[in-house]
Amino acid sequence: MTKTVLIAEDEPHIVELLTFLLEREGYAVTAAADGEAALTVLANTTPDLAVLDVMMPKQSGFDVLREARNDPRHKDLPIIILTARGQTRDRETAIEMGADAFIAKPFSNQDVLATLRRLGA
Amino acid sequence: MVSAVRQRLIGPRVRARRTALELTQAALAERAGISTSYLNLIENNKRPVAGRLQIALAEALDIDISALSGAAEQQLTDALSLAAADPALGSAALTPADAAELVGHYPEWARLTARAVAAYREQASQTVALTDRLAHDPVIANAVHQMLTNIAAVRSTAEILTSVQDLPPEQLQRFHAIIEEQSSALTDASGTLAAVFDPTNTHLRPVTSLDVIEDAFARRQNRLPALEDAVTHLRARLHIDAEATGAIIDQALAGHWKSLGLKIDSTGTAMVPSQPSPSTLSLPRAAPAATNRAFLALKLLERVLANQVETELSGELTPDGPSDAPPLAIGSPAATDLRAAFVQYAADALLMPYGAFLADAVAWRFDIAMLAASYDVDVAAAARRLTTLQHGGAPAFAMLAVNPSGARLDRRRTTDVAMPRFGAGCALWAIHSAFNGTERAREQIIEMPTGERLWTIAIAMSAPGKSADAAPPRRAYMLATPAIHAGTFSGEDTGHVPSVAAGITCELCPRGDCAYRAAAPILAEITGKA
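Heads up: the protein sequence lines correspond to chains A and B, in order. Residue 49 in our numbering sits at position 49 of the first sequence; the count goes up by one each step and never skips. Residue 158 in our numbering sits at position 158 of the second sequence; the count goes up by one each step and never skips.
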C-alpha cells in the first residue's frame, strides 16, 4: 500500500523538490504551506509520516508537533523536524517534544530519504 | 606610598644609567640639585625616590621618567599578575612574585604573554557584544533563515539534476528555474547580511562624540605626550614653577593673554563658555577664582596650542594615523568635540603638572577630593588627570562621569577596565550613591561576576551653574582599576574597603538574585542550556 507523507513547509520550492523526491520513491505526498494547514490535514487524515518545518507562518512546526502528540491518533506518527535555525537548541527542543528525527537545512536529499526509511515509512 | 618592589628597583637603575653616562656621583648629584651623600643613599635603595626628585633625576640622567621609575616593568608585572588572578586564565600556582621574575629575566616572553592576554580580553568583549547582537537582531535571524532555506533548495535541486538521469524536458526546465530563482533570493539575503556586518555599520564603532573621545584617548593610553611637552614648555616660558600657587598662575596666564593683544573683562556677571576664541574674555568677579582660572587656561591654550592640538587631531582625521577607526570628517561635531577634549587635556596638564601631581596622587591614595582641593581645580579635572598617570607608574584608571539620571558625560577606558557603553550601568556602583553623600571621595571594591575585583573611588560635585539663581548641576565621577593594582600601589590591604557583588550592566550580569535587576541577562542565555 502506498504510504502517505505530510510535508509542512512554507517555501514552495522546497515542497516541490521534496514532493518530486518522495513521489519517485513511491510515496504519496500531502503538502501544507503553514502550520494551520498542517493541523487541518492531521485533523482529517492519518498520514504515515510527517516532515515539519519549524519556522512557518501561523503555527510553527513545534506547535504542530505538540498538537500531534496530544492527539491519540498521531501519538506514534513518525515526525521529522526540518529547520534552518540555531541548530543545537532546536534539535534538543524537537527531541524533548517527541520528534523522531531532526534534519537541518541545507539538507542532502539522501539524508531525507534515509531518515524516512529508518523511520519505517 | 610607592610599592616596595618598585622602590627596590630605582637605586640600581640610577646607578646603571649614571655609569653608562660616565658621570661621578658628585657630578650627577650636582645636576639633580641634591647632595652626593643623598644620591649615594638613593643608589643603595636607602631612600625612596618619587615626585619632584624623580623628575629631577630623570632630567639629570636624560631618560624618561617611566624608565627611571621602573613603571614600564611594573605595569607589565601588574598586567601578568592580573591575568594570573583571572579565574578564566590563571591558576593558584601563579604568584605575583613569579610575574616579577618573568619580567626581570625574560622581558620579551613577559611582553608576549601580556599582549596575548590583552588581545584575548579585547576579543572576549567583542564577542559578548556580537553575541548580544546575533541573539537579538531580527534582521540577522531572518536573513540567516532565508539563506539556509535558499541553499537547501539549490542543493536539493542540484542533487536531483546530477543523480536523476531520466528527467523529462519540462521537469528539467522547471528545476533550472528553481535554481535561478533561489540563487536570486540567496543574493538578496546575503546582501542584507553583508550590510549588517559592514564595518561602518556595526554598533562596535563609535556612535557618539563620547565614544569618539574615549576611543581616541584609549589609543593613546589616555596620555598625550606632545601636549604634555608643549604645556611644560609654556609653564617654563611663563615662569610658572612647580610650587606656583593660584594667584601666581592667574597672573602669569592673564599676562600672557594680554600680551597676545587680548582683553579680560572682570566686571561681567556671566561666563560665555561657548564663545569660540573670544578677544575679550569675560571672567565674572563673583565666580570662584578656580573656575575663572580653569576657563582662562582653556581659552588661552585653545589659542597658543592650536597647532599642537591640530596635529594631535590630524591623526584621527586621516586613515593612516594611529586610529583604526574610520577617520573623522573634518568639521564634524565629533571632530569639534574631540578637539575640545584635547584642549581640555592641555588645560588639565597646565594646572596639574605631571610629576608633582603623580607624586601627590600616589601619596594621597588617589583621593580625588584631596587632589582637587590641593590643586584648586574641580573634581572633574582631577579625575581626568588621574587617568593619565599610568605612564608614570600609577595604576591605569578607567573613568566614568554621570549626571543624576545615570546618563554618561565622560568616559575613559583602559586595557583592563571598560566602562559600560550601552544600556544603563550597574546601580550598585558607588558612583550612583555618591549623589546622596558628602563631597568626600568614597572607595568601593566592585566584585564582577567573572570574579574580577575592581577598586573604585567615587565622588559627586556641583558644576558651575549657568546663573547664580539656578541650582548648580550635579555630576559624579568614578575611577576604577583592578583591585590587585590598588594593592600594589598602596602597599596596603584593601580589606577595609566596602565591597559589593555587582556587574557592569544588567544585560551582561548573570546575578539572578539582585534587588536592582532592571533588565534580563543575556549572558544566562548564552551560558545556559543551548
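It is worth saying that the hints were derived from the structure and are not from the lab. This one's a predicted model, so the numbers in the text were calculated from it and none came from an experiment. Heads up, a few of these hints could be off.
What the hints assert, rightly or not - Below, computed lysine to any residue pairings styled on SDA-like, alpha-carbon distance capped at 25 Å:
| id | chain 1 | residue 1 | chain 2 | residue 2 |
| --- | --- | --- | --- | --- |
| 1 | A | LYS58 | B | LEU148 |
| 2 | B | LYS258 | B | HIS239 |
| 3 | B | LYS258 | B | LEU296 |
| 4 | A | LYS3 | B | ILE151 |
| 5 | A | LYS58 | B | ILE151 |
| 6 | A | LYS75 | A | GLU92 |
| 7 | A | LYS3 | B | ILE160 |
| 8 | A | LYS58 | B | ALA185 |
| 9 | A | LYS58 | B | VAL144 |
| 10 | A | LYS58 | B | VAL139 |
| 11 | A | LYS58 | B | ALA143 |
| 12 | A | LYS3 | B | ASP166 |
| 13 | A | LYS3 | B | SER163 |
| 14 | A | LYS58 | B | GLU159 |
| 15 | A | LYS3 | B | ALA143 |
To be verified - So, partial list: chain B residues that the calculated Cβ filter (under 8 Å) puts toward chain A:
| id | residue |
| --- | --- |
| 16 | LEU148 |
| 17 | ALA152 |
| 18 | THR311 |
Claimed, not checked - Sample of chain B residues at the chain A side, in silico, Cβ under 10 Å:
| id | residue |
| --- | --- |
| 19 | HIS145 |
| 20 | ASN150 |
| 21 | ALA153 |
| 22 | GLN182 |
| 23 | THR336 |
| 24 | ARG442 |
| 25 | ILE445 |
| 26 | MET448 |
For each residue, glycine too, the CB sits at the ideal point set by N, CA and C.
Quick rundown of the hints versus the structure:
Between the alpha carbons of A/LYS58 and B/LEU148 the distance comes to roughly 21 Å, so the proposed pair stays at or under 25 Å and holds. A hinted pair counts as satisfied when its Cα atoms are at most 25 Å apart, and B/LYS258 with B/HIS239 qualifies at roughly 16 Å. Annotation: proposed proximity of B/LYS258 to B/LEU296 holds, straight-line Cα distance about 11 Å (limit 25 Å). Among the hinted pairs, A/LYS3 with B/ILE151 is inconsistent with the structure: their alpha-carbon atoms are about 28 Å apart, more than 25 Å.
Only pairs whose Cα atoms come within 25 Å are accepted, and A/LYS58 paired with B/ILE151 is accepted, the gap being roughly 24 Å. Taken as a hint, the A/LYS75 and A/GLU92 pair is honoured in the structure, with Cα atoms around 19 Å apart against an allowance of 25 Å. Distance check on the hinted pair: A/LYS3 and B/ILE160 sit about 22 Å apart at the alpha-carbon level, within 25 Å; holds. In summary, the hint linking A/LYS58 to B/ALA185 is supported, as the alpha carbons are separated by about 23 Å, within the 25 Å threshold.
Using a Cα cut-off of 25 Å, the hinted pair A/LYS58 and B/VAL144 holds, with the two alpha carbons roughly 20 Å apart. Taking the CA atoms of A/LYS58 and B/VAL139, the gap is about 20 Å. The hint holds against a cut of 25 Å. Distance check on the hinted pair: A/LYS58 and B/ALA143 sit about 19 Å apart at the alpha-carbon level, within 25 Å; holds. For the hint linking A/LYS3 to B/ASP166, the alpha-carbon distance of about 24 Å falls within 25 Å, and the restraint holds.
With a C-alpha separation of about 24 Å, the suggested pair A/LYS3 and B/SER163 falls inside the 25 Å cut-off, and the hint holds. Between A/LYS58 and B/GLU159 the CA atoms are separated by roughly 31 Å; this puts the pair beyond 25 Å, and the hint is violated. A threshold of 25 Å between alpha carbons decides the hint, and for A/LYS3 with B/ALA143 the separation of about 35 Å lies outside it, so the pair is violated. The interface hint given for B/LEU148 is met, as the beta carbon of that residue sits about 3 Å from the closest beta carbon of chain A, less than 8 Å.
For B/ALA152, the interface hint holds, since its Cβ comes within 8 Å of a Cβ in chain A; the closest pair sits about 4 Å apart. Nearest Cβ of chain A to the Cβ of B/THR311: about 50 Å, over the 8 Å cut. The hint is violated. Restraint check, B/HIS145 versus chain A: the minimum CB separation of about 5 Å is within 10 Å; hint holds. About 8 Å separates the beta-carbon of B/ASN150 from the nearest beta-carbon of chain A, less than 10 Å, and the hint is met.
Because the smallest distance between the Cβ of B/ALA153 and any Cβ of chain A comes to about 5 Å, under 10 Å, the interface hint for this residue holds. Interface hint at B/GLN182: satisfied, since its Cβ lies 6 Å from the closest Cβ of chain A, which is below the 10 Å cut-off. Checking B/THR336 against chain A: minimum C-beta separation of about 44 Å lies over 10 Å; hint violated. Interface hint at B/ARG442: violated, since its Cβ lies 44 Å from the closest Cβ of chain A, which is beyond the 10 Å cut-off.
Hint status for B/ILE445 relative to chain A: violated, with the closest Cβ pair at about 37 Å, above 10 Å. For B/MET448, the suggested interface contact is broken, since its CB lies about 27 Å from the closest CB of chain A, more than 10 Å.
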